[in-house]
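Using the sequences plus the hints, can you model the full thing?
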Amino acid sequence: MTGLYDQLESVRASFGFFIPEMILCSAIIILLIAGLIKQDASKLLTVLSFLTFSTSLLTLVLYWPLEDIPVNIFNGMLRADNFSAYLKILIDVGGLLTVLMTWRYQKQQHLSEYYALIVTVVLGAHLLVMSMNFVTVFIALELISISSYILTGFSFSKSGAEGSQKYFLFGSVASAVMLYGFTFLYGMTGSFEFASPVFVNALINNQSTLLLVAGSMALAGFLYKMAAAPLHPWAPDVYEAAPMPVVAFFSVVPKLAGLGILTKFTLALNLFGQSVHDWQFVICLVSMISLTVGNFSALLQKRPKRLMAYSSIAQSGFLLVGVAAFLPGGINFMLFYATVYLLVNFLVFVYLQYFEAAGFETLESFAGVGRQLVWPCVFLLMGFIALTGLPPTAGFTAKLFIFSSTWEAYQLNGKSILLWLLVFGLLNTVISLFYYLKIPFYAFVKKAESNPITNNQTFENFFGLTLVLVILVLFFNPDLLMRWINKINFAL
Amino acid sequence: MFPVEHFLFLAALLFSVGLLIIITKRNTIMVLLGIELLLNASNLNLVAFNQLWPASVDGQMFVLFVIIVAVCEAAVGLAIVLQVYQYYQTSVTDSISELKE
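So the sequence lines, in the order shown, correspond to chains L and V. Residue numbering for the first sequence follows numbering that gives the first Met the number 0, beginning at 0 and increasing consecutively. Residue numbering for the second sequence follows numbering that gives the first Met the number 0, beginning at 0 and increasing consecutively.
Among the hints, a few may not be true.
Capping the alpha-carbon separation at 25 Å, the derived lysine to any residue pairs in SDA-like fashion look like this [stated by the list, open to error]:
| id | chain 1 | residue 1 | chain 2 | residue 2 |
| --- | --- | --- | --- | --- |
| 1 | L | K157 | V | L36 |
| 2 | L | K157 | V | F8 |
| 3 | L | K157 | V | M29 |
| 4 | L | K437 | V | L98 |
| 5 | L | K445 | L | W406 |
| 6 | L | K304 | V | A73 |
| 7 | L | K157 | V | N26 |
| 8 | L | K304 | V | S96 |
| 9 | L | K157 | V | L98 |
| 10 | L | K157 | V | I95 |
| 11 | L | K106 | V | L81 |
Chain L is faced by these chain V residues, among others (derived, beta-carbon under 10 Å) [stated by the list, open to error]:
| id | residue |
| --- | --- |
| 12 | F1 |
| 13 | P2 |
| 14 | V3 |
| 15 | I34 |
| 16 | G58 |
| 17 | I79 |
These are calculated hints, taken from the structure and not from any lab test. It should be emphasised that the depicted structure is a prediction, and the values quoted were computed from it without experimental measurement. Yeah, the Cβ is synthetic: ideal placement off N, Cα and C, and Gly gets one too.
Set out below in structure tokens:
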């Protein structure tokens, strides 16, 4: 046992790697107090949350070079490395874009609690991607979940209450099952640190069926957070019930956080290739089911929000394709995919919000709008093309990258499931074309019945133009981003 | 001292009963109770497994965290049930189904 002084000293040293999280913690308190003191403080609160995410982002970018060597902080509870730092940057960008969307949404009530909860989810996501211990995994996951249940109800309507209740019931059962899985892993190893040599060695010597069951139970919690099949049924209802900025937020931030921890956890379960149980098969299977369920259900949808919910389930499948390769290259490509997905998803949601505010709530109502609102429709079309994965957008590059890593993995170990995954992925890309292009089809090809509006809002178009340019630049020169991502050496 | 297995069987029983309640009961309050049972099954497991690894009290520490999280979850859950009740005048899950395509 080390002395108290050493313990305190190590905690103090850990705080040096904990600055973004401390910023977020203080922001939660400040936002709540600001909402109490000042009536009608919506501008102040928006600016405050904007500043919070910008400073947190700035700190992360400034500290980026320091994170090359992984550092265990708080006695191995968390780990600061460049894999988690990159995901944290993405998560903060997601938070920032959500604040911008909320600012444009304008009719959000109870802004101080709303922003405090958004920051809480981002804080939980930060902690989750850094976690190396079941205790922190559970607490971070619950931090995200509990705040998300409340955020779903922030439309303060009948459907909002129902959505948040469904989310709550589904989510708490999923995390309880995950916890039960954790307890067995603890019983088998005597350690909560899932990447530690103690944990891995104990599991190598004791690979019973219990490991398969407990591992799958633990994975269930992460898959639920990612909205991957077979734990996706909450997504469509929650997406339909929540306000649009929250939907955009849910489709990115908790998903990326779940993805980060899932990657670490499955690679730990793989026991450096010495596992008897084929976890690669499990991930491939989950990915294939997500792709198929998401895409085929999306074909039947009539409302844009539900369509995007199923689209996000399918996109979870694509993100898992990157993990399923079990190669460092695959994980880097998955990060590239996640970056593109973040940008494209927000591009689409900004315009869906813009159209929803103008009264377009079903897919049919978009008929003929492409002639009046040319630029919004063109940008929305670009977003959908990128989600499908067609050139000339970065969506194509991202899909090419992750499928090439699957092919590489197939050539390395010759498992037929990887080939099936590749085939499924490519077929599903074709299927997704049919529903992603539905809205642009209605907007440009169908005739309009009435001409309700003609106002071209400037901010959305500026926002859309920026994101579209980024997506195009990343297609023509993916090296700009890959140069950064390739510095990430994923190690447990 | 009892062998660990006894506690594990009890925990497994609690877990199964919890799942059964969640699946069969139609009232949200009862489902909340089922969720509590699931979490307590895990707590029992953690404390029991700590017997196998007496070098530290990790398992028992985790239980404290789980209890706190369970309280937060119950608080939020009940608030949501109340909110739903105000709109629907019921807490039976089957009759709360407006969100469907």
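Hints and how they fare:
no., hint, result
1, K157(L) / L36(V), "29 Å, violated"
2, K157(L) / F8(V), "42 Å, violated"
3, K157(L) / M29(V), "22 Å, holds"
4, K437(L) / L98(V), "22 Å, holds"
5, K445(L) / W406(L), "40 Å, violated"
6, K304(L) / A73(V), "29 Å, violated"
7, K157(L) / N26(V), "18 Å, holds"
8, K304(L) / S96(V), "17 Å, holds"
9, K157(L) / L98(V), "10 Å, holds"
10, K157(L) / I95(V), "10 Å, holds"
11, K106(L) / L81(V), "24 Å, holds"
12, F1, "15 Å, violated"
13, P2, "13 Å, violated"
14, V3, "8 Å, holds"
15, I34, "5 Å, holds"
16, G58, "6 Å, holds"
17, I79, "5 Å, holds"
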